[in-house]
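**Student:** Given next are the chains, with one letter for each unit.
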Amino acid sequence: AQSVAQPEDQVNVAEGNPLTVKCTYSVSGNPYLFWYVQYPNRGLQFLLKYITGDNLVKGSYGFEAEFNKSQTSFHLKKPSALVSDSALYFCAVRDGEDMRFGAGTRLTVKP
Amino acid sequence: GAGVSQTPSNKVTEKGKYVELRCDPISGHTALYWYRQSLGQGPEFLIYFQGTGAADDSGLPNDRFFAVRPEGSVSTLKIQRTERGDSAVYLCASGAGGPGNEQFFGPGTRLTVL
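If you're matching them up, the sequences are chains A and B in order. Under this note's numbering, think of the first position of the first sequence as 165, with each following residue one higher. Under this note's numbering, think of the first position of the second sequence as 3, with each following residue one higher.
Bound conformation, chain A alone (with noise of 0.2 Å):
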């Protein structure tokens, strides 16, 4: 079965400051990756999907992510923190129609 994985469970960083949320998948086939955030009391938020060509994915809110075959991971990034970007994260992959999704990251980003 296909499954993510998110090793850190709380990230911080300082507003305007680059971030990194980490995710590893394990798949058979080919990935099918998608990034989701998650405000306080909101339903989830699509953020950006790989599903095939560039590695480099850009998303809503200024968000990319890059999808790397050898080390299996799919970190999302953005290159200047926003404290509104405070939230909590997950990654997921397609496993057929269900949605796999990891324990989720929470960021802090701090003015």
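Just to be clear, a hint being listed does not mean it is correct.
Unchecked claim - Computed far set for chain B versus chain A, every beta-carbon distance over 10 Å:
1. Y20
2. H31
3. G53
4. F68
5. S75
6. L93
Said to hold, decoys possible - Stretch by stretch, here's where chain B covers chain A in the computed footprint (C-beta under 8 Å, at least three residues):
7. 210-222
8. 226-238
Think of the hints as simulated: they come from the structure by calculation, not from any bench. Bear in mind that the values here come from a model prediction, so they are computed numbers and not experimental data. For each residue, glycine too, the CB sits at the ideal point set by N, CA and C.
Since the structure of chain A is already known, use the hints to place chain B on it.
**Tutor:** Just chain B, lined up with the frame of chain A:
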């Protein structure tokens, strides 16, 4: 346009009671998914509908859980004889279907079983 909506937003019930949770998907989306999210964890797949039929119900934890989508739009998740361990946020998502397409999530229903 309108997103996925879920009602109620919060539901408190007593152990042993029956509950129904409703999901209104985005208009035109043929695929509908239910997930359960416990505190500190990622969403866990429960069931997937393509149209009116449950194409994959392998995530339902036991036979107390059941879901329907009779007209291919609104879906209801039904839980019989609720247990305290059923307490969680139940998320609904809809989409075009297919592994390359994203799912659009509702705000969830927070179920608390006392």
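**Student:** With reference to the structure, classify each hint as holding or not holding.
**Tutor:** Against the structure, the hints:
no., hint, result
1, Y20, "25 Å, holds"
2, H31, "13 Å, holds"
3, G53, "13 Å, holds"
4, F68, "18 Å, holds"
5, S75, "18 Å, holds"
6, L93, "7 Å, violated"
7, 210-222, "holds (count 3)"
8, 226-238, "violated (count 0)"
Consistency note: the structure conflicts with the earlier hints numbered 6 and 8.
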